[in-house]
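Since chain A is already given, all that's left is putting chain B on it; use the hints.
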Amino acid sequence: MERIKDERLQLRNLKNIRIVYIIQTFGILAILAYDLVTKGMDGMTGNPLWAVFMISAVVNAYLMMNISVDHEKQTSPKKGLYISLAVISVLSIASGVMVTLVGSNGIGSGFLIGGIILVCSLVPVIYIYLLRKRKTEEDDEEELSS
Amino acid sequence: MENQVKVSRVGVHLTQQQLAERVGVTRQTISLIEKGKYNPTLKLCLEICYAVNKTLDEVFWIEKESGSNGKN
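Here the protein sequences line up with chains A and B, keeping their order. The first sequence begins at 1 in the working numbering and counts up one residue at a time. The second sequence begins at 1 in the working numbering and counts up one residue at a time.
Worth flagging that the hints you see were computed from the coordinates, not collected in a lab. One or more hints might be untrue.
To be verified - Derived DSBU-like pairs: lysine-lysine, alpha-carbon spacing no greater than 35 Å straight-line:
no., chain 1, residue 1, chain 2, residue 2
1, B, LYS35, A, LYS5
2, B, LYS64, B, LYS54
3, A, LYS5, B, LYS37
4, A, LYS15, A, LYS133
5, A, LYS135, B, LYS6
6, A, LYS133, B, LYS35
7, A, LYS5, B, LYS43
8, A, LYS135, B, LYS35
9, A, LYS5, A, LYS15
10, A, LYS15, A, LYS73
11, A, LYS5, A, LYS78
12, B, LYS6, A, LYS5
None of the values given here were measured: they were computed from a predicted structure.
This is chain A alone, in the form it adopts within the complex:
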């Protein structure tokens, strides 16, 4: 197939891909919902389509961060980072304590769950901090050059 150079057709192609993506996502959700009803939660998460769905959801969330950073009003990246760090620290400590206190789990499980939550939240927080920092640097450069 010849490579499309016409910008209008490239745009059209992207719109078509979006439609296909929507249909595909609905298909995946329908299959997962069927698995959930017939085989239960474990049956659904055991399906490889679950991994596909989760990976695409995570990739989508990270790509959305690029957009939301441009969309949000100018805030200090460091301030945002400190607030987020405080929130995720409180959340992970709280969930660690909850896991230790509730049920028959030992303190080891508490540390493990708390640690996992901390690390998993740390990655997007740092990513969004870097995006905001880059944006502020770009804005500063623009102001200096103008």
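Structure of chain B alone, referenced to chain A:
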């Protein structure tokens, strides 16, 4: 969006197909631009202007409509 692509193209004796080949798009795209049904990118606008030996101003400029709020 209204523009002077058709007038400019006829002015330099080019058919839609010839102009399309020069700027690297399909004939349908040129047709839609002339009818005002497709908004070309600035890059394509410039390519069209180079092909018809006119400036962006002469081909694509339209006066701001009175009462418009400046958004598109």
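Comparing the hints with the structure gives:
1. B/LYS35 <-> A/LYS5: OK: B/LYS35 and A/LYS5 at ~21 Å, within 35 Å.
2. B/LYS64 <-> B/LYS54: Judged against 35 Å, a Cα distance of about 21 Å means the pair holds.
3. A/LYS5 <-> B/LYS37: 19 Å, holds
4. A/LYS15 <-> A/LYS133: 32 Å, holds
5. A/LYS135 <-> B/LYS6: 42 Å, violated
6. A/LYS133 <-> B/LYS35: Distance ~44 Å between A/LYS133 and B/LYS35 Cα, so the pair is violated.
7. A/LYS5 <-> B/LYS43: 13 Å, holds
8. A/LYS135 <-> B/LYS35: 39 Å, violated
9. A/LYS5 <-> A/LYS15: 16 Å, holds
10. A/LYS15 <-> A/LYS73: Since the Cα atoms of A/LYS15 and A/LYS73 sit roughly 29 Å apart, the hinted pair holds (cutoff 35 Å).
11. A/LYS5 <-> A/LYS78: 43 Å, violated
12. B/LYS6 <-> A/LYS5: Distance ~22 Å between B/LYS6 and A/LYS5 Cα, so the pair holds.
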